[in-house]
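Peer 1: Let's have the full structure, built from the sequences with the hints guiding it.
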Amino acid sequence: MSSYTKQIHRCFRCGYCKFPSDYAEYNCPSFSRFRFETYSTGGRLWLLWAWVKKEVEWSENLAKIMFSCVTCKNCVEHCPMKFKDDIVDWIVSARKDIIEKGAVLSSVRDFLNNIHKYGNPWGEARGKRAVWAEDVKRYKPGDEFLFYVGCVGSYDERGQRMARSFAELLEKADVSYGILGSEEECDGNEVYVLGEMGLFQELARKNTGKFKELNVKKVVTLSPHAYNVMKNKYPRYGTFEVFHYTEVLLKIIQEAKLKLSELNVEVTYHDPCFLGRYNNIYEVPRKILKNIPGIKLVEMDRNRENSFCCGGGSGNFVMDLLGGSEESPSRIRVKEAYETGAEILAVACPSCLTMFEDAVKNEGLEKELFVKDISELLKEVSK
Amino acid sequence: MYRKLVLTLSDFKLKFDQKLCETCPTYDCLVRCQYMNLDKEVAKIEMQKMVRGENSFVLYRCVTCYACEEYCKRGNHPFYLISDLQEKNSILPMPKPLITQWINTGIPTKKDIREFWGAVEPVISLCLFPEYINSIEGKLFEGFSIVVGRYFFCQLAYLHFGRPSIIRERLSSIIENIANHGFQEIVFFHDECYSTFTSYTQAYGIQVPFRSVHLFEYLYGRLRELEDEISPLNVKVAYQRPCSSRLAPEKEHFVDDIFNLIGVERVEREYDRENSLCCGGIIRGQQRYDLFVDVQRRNVVDMVNAEAEYCVFNCPMCFASLSEAVVKRDIKPIMMHELCRLALGEVIKS
Amino acid sequence: MDRVCERLARIVGENYVSNMKEELYIYSQDPGMMEPREPDYVVMPKTTVEVQKIVKLANEEKIPVIPVGGSLSLSGLVIPHKGGIVLDLKRMDKIIEVNERCRYVVIEAGVTTGRLKAYLEKHYPRLRFSIPDAPPSATVVGNIVIHGQGHLSQQYGFNSDMVTGLEVVLPTGEICKIGSCSVSPYWFSLAPLPDIAGLFLGWFGTTGIITKLGLRLYPRKKLRDIEVFIVEDPHLVPDVVYRVTHTEMAEDIFVNAQPYPPIFKDIIMMGICITGDSEEELEFKRRMIWNVLRTYIDSKEGGFMMTTPDVKRALLEMPITGTTRFADVMKGGGFEYCGPIIPVEKYPEAYKKLLELSSEYGVTYGNTCRVIGRGHCMMFAFGYPFNRADPDNMERTKKALHESNVASLDIGGVPWKPEVPAQKMIMARMDKNTLELMKRIKRFLDPNGIMNPGNWEG
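Residue numbers (our numbering), protein chains in the order written: chain A, 417 to 799; chain B, 383 to 732; chain C, 21 to 478.
Among the hints, a few may not be true.
With beta-carbon atoms standing in for the labels, derived distance ranges [claimed, not checked]:
(1) L336(C) <-> K751(A): 31 to 37 Å
(2) R443(B) <-> R449(C): 54 to 60 Å
(3) S522(A) <-> G342(C): 43 to 49 Å
(4) D430(C) <-> G564(B): 39 to 45 Å
(5) Q670(A) <-> Y144(C): 56 to 62 Å
(6) E607(B) <-> K649(A): 42 to 48 Å
(7) G645(B) <-> E784(A): 41 to 47 Å
(8) E607(B) <-> E784(A): 41 to 47 Å
(9) E607(B) <-> A519(A): 25 to 31 Å
It should be emphasised that the hints constitute simulated quantities derived from the structure, not laboratory data.
Don't be surprised by glycine CBs; every beta carbon is placed ideally from N, CA and C.
Peer 2: Have a look at this one:
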């Protein structure tokens, strides 16, 4: 057992973890979805401790409770206790123990097995990874950026459009870059937070090995998940800097490499957890939006560190343990976006993009609220 | 390991030259006091009483702003004398529970905090202000180890509480603690610490086995090294001078030196330099509410009239007691090291 | 799924009922020290009608029903001592109406204190309610049912004194309105009707389930500040409270004592909150309070603490997170307190007893008191943090809590939101006719004895 077993009893189950700063709504995705105390962070930690003490046995329901945490870090942000920074690590460590015992949900097992065998969570063929990008340049030593596309950008139709938009903007701004194509491996962020450490290390080793082999100095990622794991979890074989694609786009705008036309529209922006709460990047995407003439940025009540997760973290953009209900986080969130009066819900994460696309359809809002990623918006207005 | 100092209370003997005082042509120590309106004759009578170890109304009315230490240009120590006499005569500058509270607050810990084991030079001591740990970063403090807490607390604050014997009881262990870390040189974030290990120990004839560096002296030197990276701030600032700087007036020029280097204008105002006013914190602690309100009001109005945009603080305690009042008048409070970091283009976390 | 579970699922939908081990485990306990006991079912209704149906079902099946809000009493008041159906009311979370001019709000039973606070701040910034120091996940109704106190209790009494109306599902399933709302569309007050709200306040859900609540709101001033008066001698506390309450200038008044960190050792802090719509108003109130305590300042026996903006912020927080952080003092995830309501004049005696018990049982303590009314009484917390992972520490803390309950009664106080054993201690000392009246009321309202059984049983 990992060291969390010595600390986990410190949770008082006070419930601050369920809220944003102003306590207006429940802000824990799984608690909002299921509403039993078991699905709050406190309930989860108490159950884990009960499991450690052998007061509860392993069960399918317990597994569902443990893996429905999307590791969005709302709890870390709002827990008043000194141990707050450790909460997600405790859950990840517990999942590691669960996986080592082989007691895991079938959807989680499939997710991990697919990544292990095929390099992506859907079990799609490796060869299909770069089908979307036949006309996109492959990275060669000397290019400024390696564009790391990631699984959603490579395989999901909506993610592919996002990846293509970003690639086109790089072209337009005359930035030298390239992708790895079918040699790209899954970044491993979800594998890490799901607790499969062996697989994670293998993925990290392969990706960093490839970066080293190609003498990559700068990596730009489409997904905040990839950005997070490469920045904070990859062992440093060689040195490379990691950027989120919005950081690169903002620099391009600031250097006036793109000429932007006017777009008179109200936009609201959703902060992805792995960009915001995990890496404190809140203003970069907003600055891009504010640079587009005509755009009026309206905020949802829950923004920045209080952002309400789309429900897709921890592999749930595939497994969707929180789906299937009006109270699914992505559906709650698109209703919140719609209530701002904005026509566009802007995102900066391919997982959020796919989650919200589905949610907008489920809510019947597809003619009133359009989900776009920031590079798509920028592409529309760049000449 | 540094050997134990084994100082006793009798080792602390104030170097106060009676003759110097008796022959003083000005008695500026009391005449210039901003909280007692005394003419030279009264000042002389009261000072001579105190030199003889007798009681004086000064001991009751003193706000413990330390300014008389600076006003005495003859190198005597009128404030240390006042403080010693307050204790001798059991005069409490503050209510008993506040004194109890502060005595408890500064009890030196027997062991250093584990995180600081292995701290190496360059090192900065944050006194009792752990809330500033995250601000000690960026180019100004590259490579610095930080130490903080009661293991290093200089104890000089007890001058405000009429309990200098506490300083004497505890100071030797603090000096040992610092020396036992192997530090030859230490930068003090709080100039009260700096003054303890320079002015106060010298006044009482205590040897200190390490070199104390005033934060502003360090900041100025480091800014000189980074001069090419400085973007002048072009703002008007008022400087809130703390009581402890009265014990180290020779370091005051660094305030202007730094301001010049980072391109800020120190506004001309009445309550600056030797004429600066107390932040009010201790006066409030003395429960002199009307005086506290008056002092803060005069000070802040003076800043407003001089069109200051920032109020720059040296001391975290001054910041704590005066920042609310300056904010209410739309002046931004900021610590000096944070102002310097702004000039280097760094972002200060709130 | 068993038969009862299926019937419950038909009422609330199958997503909102569980008899799985994990839910039963979590709802078997609260964060305090009472022994856990698992329910048979956990169910989350959305409407009063669903609650009614569940209660009728429970009567048919003779199964206990335990209404649950935030589960934060710490004294095990919603532990299902005899199993049954835990009714988690948090899905009933509508804020139904705010009458701004009459200054009241009508809410459903599951509205949290955090949500109501945020709602009023956003939509009615000139109104507020009496926010307790419980975490924001506590429900407003839960707090009312236990006679909770909040930041306005010094001015307006117990939070339960602020009730203007109730909707209750009786133990036999009837839906009943109480107060002006029973004859009018308005929920402005309980008076001038016969007061039957008391049948449901302080009864811990043993006489029915409150599904809607009318609650008084009060003016919210633009500014709020605090002065902290400190003394070393506990005997000074009653007079300081008397003097400050006499000014009628204070909002909240609390009294704190704790041994750690050193700045709080050996002193007693009295936090005196003031509010105003202008700096002038604040300053006037502040000076009135300083003036009335001048005697103690001049004698050097007391004084106003030097507070930094950070300390002020922490003390002015609503709810105050410091209270919750007390649970991590031992790095053990728990605290519980015996919080009797006592006459303010008994503060020194209670304080002395707290120090004795802390020393006797080798447990550290935190003492938080809130003045209720203009010094009419105070809640005195014998608070002890404990370590869930240390059985010996848990045992000593339990003993200290027990002794605290005994001491509370001995000095003339009454334990607030008492655990079942403390309820029995209270009832043992209660006037016999009063006790009999309580029993008759209980039998009359709940003939099958299904409502939160174990509580208030003589």
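Peer 1: Which of the numbered hints above does this structure break?
Peer 2: Violated hints: 4, 5, 6, 7, 8 and 9; rest satisfied.
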